[in-house]
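Visitor: Residue strings, one per chain:
4 protein chains.
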Amino acid sequence: MSSENNDHLVQSTDPEHPANLIPALCKQFYTLGWVTGTGGGTSIRKDDHVFIAPSGVQKELMKPENIFVLSYPTPKYPPSARQYIRKPIDLKPSACTPLFLAAFERGAGCCIHTHSQWAVLVTLLVEKMSGTAACFEISNIEQIKGIPKGPGKGMLGFHDTMRIPIIENTPFEEDLTEHLEKAMEQHPDTCAVLVRRHGIYVWGDNVAKAKTQCESLDYLFQLAVEMHKLGLPWT
Amino acid sequence: MSSENNDHLVQSTDPEHPANLIPALCKQFYTLGWVTGTGGGTSIRKDDHVFIAPSGVQKELMKPENIFVLSYPTPKYPPSARQYIRKPIDLKPSACTPLFLAAFERGAGCCIHTHSQWAVLVTLLVEKMSGTAACFEISNIEQIKGIPKGPGKGMLGFHDTMRIPIIENTPFEEDLTEHLEKAMEQHPDTCAVLVRRHGIYVWGDNVAKAKTQCESLDYLFQLAVEMHKLGLPWT
Amino acid sequence: MSSENNDHLVQSTDPEHPANLIPALCKQFYTLGWVTGTGGGTSIRKDDHVFIAPSGVQKELMKPENIFVLSYPTPKYPPSARQYIRKPIDLKPSACTPLFLAAFERGAGCCIHTHSQWAVLVTLLVEKMSGTAACFEISNIEQIKGIPKGPGKGMLGFHDTMRIPIIENTPFEEDLTEHLEKAMEQHPDTCAVLVRRHGIYVWGDNVAKAKTQCESLDYLFQLAVEMHKLGLPWT
Amino acid sequence: MSSENNDHLVQSTDPEHPANLIPALCKQFYTLGWVTGTGGGTSIRKDDHVFIAPSGVQKELMKPENIFVLSYPTPKYPPSARQYIRKPIDLKPSACTPLFLAAFERGAGCCIHTHSQWAVLVTLLVEKMSGTAACFEISNIEQIKGIPKGPGKGMLGFHDTMRIPIIENTPFEEDLTEHLEKAMEQHPDTCAVLVRRHGIYVWGDNVAKAKTQCESLDYLFQLAVEMHKLGLPWT
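These protein sequence lines map, in sequence, to chains A, B, C and D. In terms of UniProt numbering, the first sequence has 97 at position 97, counting the first letter as 1, and numbering is strictly consecutive. In terms of UniProt numbering, the second sequence has 223 at position 223, counting the first letter as 1, and numbering is strictly consecutive. In terms of UniProt numbering, the third sequence has 180 at position 180, counting the first letter as 1, and numbering is strictly consecutive. In terms of UniProt numbering, the fourth sequence has 185 at position 185, counting the first letter as 1, and numbering is strictly consecutive.
Chain A extracted, bound-state conformation (with noise of 0.2 angstroms):
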């Protein structure tokens, strides 16, 4: 890896390449308020690769020589065989790479993580109302339909409950994964995990579903604040 470095590994000229498309899906989320101050990250996984923009970076000035690459061999292989095989010198890995691989074990395309406040105080009313739930639920709002019903199910509809699960948040992210992969095994139709004052883990089969996905929940997570001050309930 010394030398080369893989450094073909970022360089294309498709915009679609997901070393063009990382940069420029992290532009859009800081303007979004979802990865300010180098917070939350993205990772895309195509053919045998995983790719991953970094630690610490200023998210809206991330570019394709940033990111880093994973061998990802189909699932036959155990997950000990994934290692970085670019590295870009004088970046830190993401420490969200053990959860972005948890949602590509369970067959996601790409998966998004922020820092979202609309996904942190929702995650802070549910504790208040109800201390020992560790779900936060929305239904009867036509955006819910945006969210999918669970693998090869189809889309939610407008009078089913959403039900998305909230862990509690570990003083080190990579510490996060066993109790995110605990929360998937019990909530396996569930497409994004809440972070208890921290974030969202949102998942999906491709780019394009797990941003609007993560819009989807983003918009339902705003709306049920603003819900809240107005004294109107969720269900």
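A couple of the hints might just be wrong.
Pairs involving identical chains hold if they fit within one copy or between any two copies, as the list cannot separate such chains.
Claimed, not checked - In the DSSO-like style, the derived pairs of lysine-lysine whose C-alpha atoms are separated by at most 27 angstroms in a straight line are:
| no. | residue 1 | residue 2 |
| --- | --- | --- |
| 1 | K229 | K128 |
| 2 | K46 | K229 |
| 3 | K92 | K149 |
| 4 | K87 | K153 |
| 5 | K128 | K182 |
| 6 | K27 | K209 |
| 7 | K153 | K92 |
| 8 | K209 | K182 |
| 9 | K87 | K27 |
It should be emphasised that the hints constitute simulated quantities derived from the structure, not laboratory data.
Given the coordinates of chain A, work out where chains B, C and D should sit on it, guided by the hints.
Guide: Frame of chain A; chains B, C and D shown alone:
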């Protein structure tokens, strides 16, 4: 329709051509928070054609070749004469189509559907304050003058009460059509119908009128929500 | 005025020319939410001419050729000497024209009219808290230093109380003129007048001063609304 | 300094040169609402020079030639050695200059001053809740990890309490210097000082650190205001 698929209908170098205008408008609406997560839509009628944004596409990334075209012969023809004369491959037509057509049958040249959170919150506040009321009402705000009194009747005055009917949402968007048409009949002067827990349909003689009326309404809904938080009455 | 229509008055390659500056400013004001749905307006006086944005145009799409020009001979001439020397075909002059002129008669070089929701909410809160009060007052906020004490008197200090007079709205915008002029006489040091349930007029020696004073005022109105929500007094 | 005025100090084709970077940053800060109406400012130290945005200029329109330059010899020289070696004609130096220098004397490479409304509201809420408290405190929010524990001590942890000292505002900005320096001495680990009813000063080793720390702080202030509205405690 097979091979040629009438692609020429969406190819133009004129930025005012509906196939160019709809993507530009949707991109602007995205930044206004009106079409988050593929929600909402826009349609323009021009001569004997109706141009419609597709379903399920990221609205800020839409392209002219994504636009559906419906034949729309002059009103002497029955509604059954409407049919798709251009369908982009791999895209689904918007479920809003019959709702847009309902506006066009009443003479509109453009119809905009948003999922604006201010519109949704206003429908929830009206429900909370007076469950049976089927209208949002506000008066004595200058921006009301941006809303027409009715077709050919000029604009509302400062002291007039603006009334926007509210219909209940249905699980399938196309099932709204009957309720929308009924509201249009009961309120022949309105240029918009709110859909509870969903959003709004706004129309106008042309793109400029539909868009600026949609903006004025959204301004009034946002103001109304803030007024409610501050204990200020709407009328 | 017929055939030639003095088009040269709005044709310049200088970005600082009023006919180029007004569209650029209006586009910026649109993103600030000040001129939603064709509301609001802007006017600049330069030498013997006054340049005015037209009525009813989408403010973010305005072009130099849409600008009205009024002859404005030096103050020795009576107000009756003012007359349009350029009128764009198919556009209506702004109903704000006499209000802009009232500012110019008092030495302003630029006048901005916005429908900012923060301005509207502040007028409603003042009405609610002290029905007869005809002023918005705030003190001990650093941004107050962005507002002048009065013509030729320097800027307000941190401990000074900023007072912006409020006049009642009228059904026709031109009827505001008399009330605006009376408020200007009673408050000869003010650089702005709020209009209840409508918005604000802000003026300054030149474009930079009118714009930055309008920004500082809007900042203070937004802060005042948030302070009210949080139970924090304005003075 | 007369004729040549050291213009070469602000002329560079490198976008990372302080004279190019300050205008670009100020434009970005304008869109974040941090430098509305000419408020706020930014300064960068590089080698033996300090570059400072001027006073009273529209921050989104600033140009490299508007930048002031101060000689800043390495720390062995006394503070009295600092003097302007480039002054743009017709512009006034920033009243924040001594405050920026106080940060540079403590090793900072960049200092940002904003009038963010969230910062102002937080200082007002602290005053209301505990009049004598001279600190804003928050804990158990992930974004706290974007703030350093102190020079050379790494970043705060999730369970750490972030403390940002608050000083009282003074009528003249330069009079803040003494209070700012005292707060810096009492809180040697802080990277920021809030100014009651005014805004905040944030610094860091370099531009990227100062900016991302300023973003993380603003995120936390906004979240804190929303938490207060929703009855959620900060610690």
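Visitor: All the hints need checking, so say for each whether the structure fits it.
Guide: Against the structure, the hints:
Proximity of K229 to K128 under the C-alpha cut-off of 27 angstroms is found in both arrangements, the shortest distances being 14 angstroms within a copy and 13 angstroms between copies. Taking the closest pair of Cα atoms, K46 and K229 never come within 27 angstroms of each other, the shortest separation being 42 angstroms inside a single copy and 44 angstroms across copies. In this assembly of identical chains, the alpha carbons of K92 and K149 lie at most 27 angstroms apart only when taken from different copies (20 angstroms versus 36 angstroms within one copy). Only between protomers do K87 and K153 lie at most 27 angstroms apart by alpha-carbon distance; the minimum there is 26 angstroms, versus 38 angstroms within a single protomer.
In this assembly of identical chains, K128 and K182 lie within 27 angstroms of each other by CA distance solely inside one copy; the values are 23 angstroms within and 39 angstroms between copies. In this assembly of identical chains, the alpha carbons of K27 and K209 lie at most 27 angstroms apart whether taken from the same copy (18 angstroms) or from different copies (18 angstroms). For the homomeric pair K153 and K92, the shortest alpha-carbon distance between copies (18 angstroms) is at most 27 angstroms, but the shortest distance inside one copy (38 angstroms) is not. For the homomeric pair K209 and K182, the shortest alpha-carbon distance inside one copy (23 angstroms) is at most 27 angstroms, but the shortest distance between copies (36 angstroms) is not.
For the identical chains of this complex, K87 and K27 are intra-copy neighbours only, at 21 angstroms inside a copy versus 33 angstroms across copies, given an alpha-carbon limit of 27 angstroms.
Hint compliance for this structure: hint 2 alone is broken.
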